[in-house]
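Start from the sequences, fold in the hints, and give me the full structure.
Protein sequence lines correspond, in order, to chains W and L. Heads up, the first sequence is in this note's numbering, so the first residue is 5 and it goes up one at a time. Heads up, the second sequence is in this note's numbering, so the first residue is 1025 and it goes up one at a time.
One should not assume that every hint holds.
[Unchecked claim] List of simulated lysine to aspartate or glutamate pairs, EDC-like, C-alpha gap at most 16 Å:
1) W:K116 to L:E1090
2) L:K1369 to L:D1330
3) W:K54 to W:D196
4) L:K1164 to W:D51
5) L:K1354 to L:E1341
6) W:K112 to L:E1091
7) L:K1137 to W:D120
8) W:K112 to L:D1045
9) W:K109 to W:E146
10) L:K1203 to L:E1151
11) W:K109 to L:E1110
12) W:K112 to W:D145
13) L:K1086 to L:D1045
14) L:K1086 to L:E1063
15) L:K1122 to W:E97
16) W:K21 to L:E1274
17) L:K1027 to L:D1045
18) L:K1164 to W:E63
19) W:K112 to W:E67
20) W:K112 to L:E1108
21) L:K1163 to W:D51
22) L:K1325 to W:D51
23) L:K1163 to W:E53
24) L:K1051 to L:E1076
25) L:K1032 to L:E1108
26) L:K1086 to W:E146
27) W:K116 to L:D1045
28) L:K1164 to L:E1108
29) L:K1369 to L:E1341
30) L:K1325 to W:E146
31) L:K1354 to L:E1331
32) L:K1355 to L:E1341
33) L:K1086 to W:D120
[Stated by the list, open to error] Some chain L residues flagged as far from chain W (calculated, every beta-carbon gap over 12 Å):
34) V1102
35) S1128
36) N1149
37) L1152
38) K1176
39) S1266
40) K1280
Honestly, the hints are just simulated from the structure, not real lab data. Backbone N, C-alpha and C define an ideal beta-carbon position, used for all residues, glycine too.
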Amino acid sequence: MELNLDAFERFAVHFNKGNIIFCEYEPGDAFYLIQGGRVQISKIMGDIEKTIDILHPGEIFGEMAILEEAPRSANAICLDPVKALEFNRANFEILMRGNPQIALKLLKLFTKRIYDQRRRFMILTLEDTHAKVADVFLMLDESQSGAKPEGAERVFHTTPGDIGHWAGISPELSRDVLTQFQTQRRIEIYTDRIVVKNINEFARFVNSRRKKRDDT
Amino acid sequence: MPKAMTYKANSVIYFQGDVSDRIYILKAGRVSLNSNDIETGEAVRDSIQTGEFFGVKSALGKYPREENAVALSDSHVVVFSVPEFEQLALSNTRIVMKMLNVFSNQLRRLHAKVRGLLAEGEQVNPELGLYRIGEYYMKKKEYDKALYAFQKYLTYYPGGAYHQDANRLAQQAEQYVSKYGIGQGPGLGNAGSGAQQAAGGVSGGTGAVGDAGVTGGNPAGAGERNAQLGPVAKQYYAAVSSFSQGNYTEAMKQFKTIVDKSEDREYVVKSMFEIGRCLYSLGRYDDCIRHFTALVQRYPKMPDLDEALFYLGQSYEENGDQERAGGFYKKILSRSGVSEPLKRKVNNALRGLEGT
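And the structure:
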């Protein structure tokens, strides 16, 4: 990492493997920059704990706390012994003045979060439930980095519950809609993945449902 | 090198949907960013001020432009590539700080909008949410994590609806982790310890959570609390108990001990807040004002800030300084996220001031 962080050693915090750094719903007033070890970001949904992300040294998490002292939206748990810099609004200014690289990093992270939230919002504003579900696949396709596969078939390692979460509908309703798509041979559902036969066709479908809004 | 460019009136600087790594700063002229509101579809026009950047988000985030940028009059701009912009930002922190502010406001608004659209079922009140996290880990026999969640619950909601259950389960979690180890033992289902009878209604499944332990003011509470948690938490709750019995002098002494030992910052701040309450309850309004003023300056982000401001207002009012009292009351009302009960208290106090 190119950052010079020696001056911030006094903001360093250490956690043991398995420790919770913060848990969902806890009021948050600090965010973290990982310096060593991995941090698992997870959410408890019903009876299972779902891993949303695994973060590595150099990555920032909990950054929403710098915006508002809203409850945390996920758990942060140490997969290894973790060393991290802990920032809050009080030391934020010092941090930024001394090390604008971190500020820039945070700025980039915010651009990504804004994009993701806007994208999520666009899904939720669709009125048609089928269009919502189709749009979730489009969003997932857009966020898959790297070269796009040839052809229009796409494989997503996801579940009906996850799709429902993004579409803002219940897992049951999500399963119903997906089953209908399967009957129409537009998708195939497996235990560990969902195959969309023609992503472009989904794009046309979603656009046709969204157009009406724009034209009014 | 950043390039100076000129755009004629009514020309387009970039189109919605374009992907580009250019970032602009307006030097002279008038530029408008035109888009459609993602919620209502209504046309939105944001005019750019001289000296302001635009096109930053989409360039830094490498995603398509979200608006058309149009020159309304002949306009001079300076164009940066992303690396050039980064160079500038690194040597001028103020720019980044300002942008962080703008972006964070946008993000906050977006979050609120998304929350507003999500199905009701997705929204959980944070107090219950936190308690359920503890329950979940208890069930999974991850007692250390359960203990963490319950302790946080007790920290943030010491008089909360589930505090008795949280107390009892925190105690169990602590016992189980040393007795059985993580992943072993009875979990949440079979609570064999004697602590169970104190609060009643163990939520064997998730179903019982909603109405468990909402009794409030159970006299068994204080004694029960002392049996678990860390030593600092124990002292803290003992002091809270003295306070609730009206022994303000004793409570203040106990809170001071916690502050002097200075072992756990969380409890230190909480105890300092409570010392202020003791001073108020003892009628030492001048001391109370001095205490809370210093506290608020030292910990402007403390969790009980609104309450602290209220005690300041009350103390000034007791001292006959209605102007200052009113000032504090109004300040509380101008803040966001003030709890409803406190708002009511403040409004009552303000009405009281007007009546005299």
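Here is what the structure says about each hint:
{"no.": "1", "hint": "W:K116 to L:E1090", "result": "holds (13 Å)"}
{"no.": "2", "hint": "L:K1369 to L:D1330", "result": "holds (12 Å)"}
{"no.": "3", "hint": "W:K54 to W:D196", "result": "holds (14 Å)"}
{"no.": "4", "hint": "L:K1164 to W:D51", "result": "holds (9 Å)"}
{"no.": "5", "hint": "L:K1354 to L:E1341", "result": "holds (13 Å)"}
{"no.": "6", "hint": "W:K112 to L:E1091", "result": "violated (19 Å)"}
{"no.": "7", "hint": "L:K1137 to W:D120", "result": "holds (13 Å)"}
{"no.": "8", "hint": "W:K112 to L:D1045", "result": "holds (13 Å)"}
{"no.": "9", "hint": "W:K109 to W:E146", "result": "violated (22 Å)"}
{"no.": "10", "hint": "L:K1203 to L:E1151", "result": "violated (29 Å)"}
{"no.": "11", "hint": "W:K109 to L:E1110", "result": "holds (10 Å)"}
{"no.": "12", "hint": "W:K112 to W:D145", "result": "violated (21 Å)"}
{"no.": "13", "hint": "L:K1086 to L:D1045", "result": "holds (7 Å)"}
{"no.": "14", "hint": "L:K1086 to L:E1063", "result": "violated (23 Å)"}
{"no.": "15", "hint": "L:K1122 to W:E97", "result": "holds (12 Å)"}
{"no.": "16", "hint": "W:K21 to L:E1274", "result": "violated (41 Å)"}
{"no.": "17", "hint": "L:K1027 to L:D1045", "result": "holds (14 Å)"}
{"no.": "18", "hint": "L:K1164 to W:E63", "result": "violated (29 Å)"}
{"no.": "19", "hint": "W:K112 to W:E67", "result": "holds (12 Å)"}
{"no.": "20", "hint": "W:K112 to L:E1108", "result": "holds (15 Å)"}
{"no.": "21", "hint": "L:K1163 to W:D51", "result": "holds (9 Å)"}
{"no.": "22", "hint": "L:K1325 to W:D51", "result": "violated (35 Å)"}
{"no.": "23", "hint": "L:K1163 to W:E53", "result": "holds (12 Å)"}
{"no.": "24", "hint": "L:K1051 to L:E1076", "result": "holds (8 Å)"}
{"no.": "25", "hint": "L:K1032 to L:E1108", "result": "violated (25 Å)"}
{"no.": "26", "hint": "L:K1086 to W:E146", "result": "holds (12 Å)"}
{"no.": "27", "hint": "W:K116 to L:D1045", "result": "holds (15 Å)"}
{"no.": "28", "hint": "L:K1164 to L:E1108", "result": "violated (51 Å)"}
{"no.": "29", "hint": "L:K1369 to L:E1341", "result": "holds (14 Å)"}
{"no.": "30", "hint": "L:K1325 to W:E146", "result": "violated (39 Å)"}
{"no.": "31", "hint": "L:K1354 to L:E1331", "result": "holds (13 Å)"}
{"no.": "32", "hint": "L:K1355 to L:E1341", "result": "holds (15 Å)"}
{"no.": "33", "hint": "L:K1086 to W:D120", "result": "holds (12 Å)"}
{"no.": "34", "hint": "V1102", "result": "holds (19 Å)"}
{"no.": "35", "hint": "S1128", "result": "violated (4 Å)"}
{"no.": "36", "hint": "N1149", "result": "violated (9 Å)"}
{"no.": "37", "hint": "L1152", "result": "violated (8 Å)"}
{"no.": "38", "hint": "K1176", "result": "violated (5 Å)"}
{"no.": "39", "hint": "S1266", "result": "holds (27 Å)"}
{"no.": "40", "hint": "K1280", "result": "holds (24 Å)"}
Hints 6, 9, 10, 12, 14, 16, 18, 22, 25, 28, 30, 35, 36, 37 and 38, counting from the list given before, are not met by this structure.
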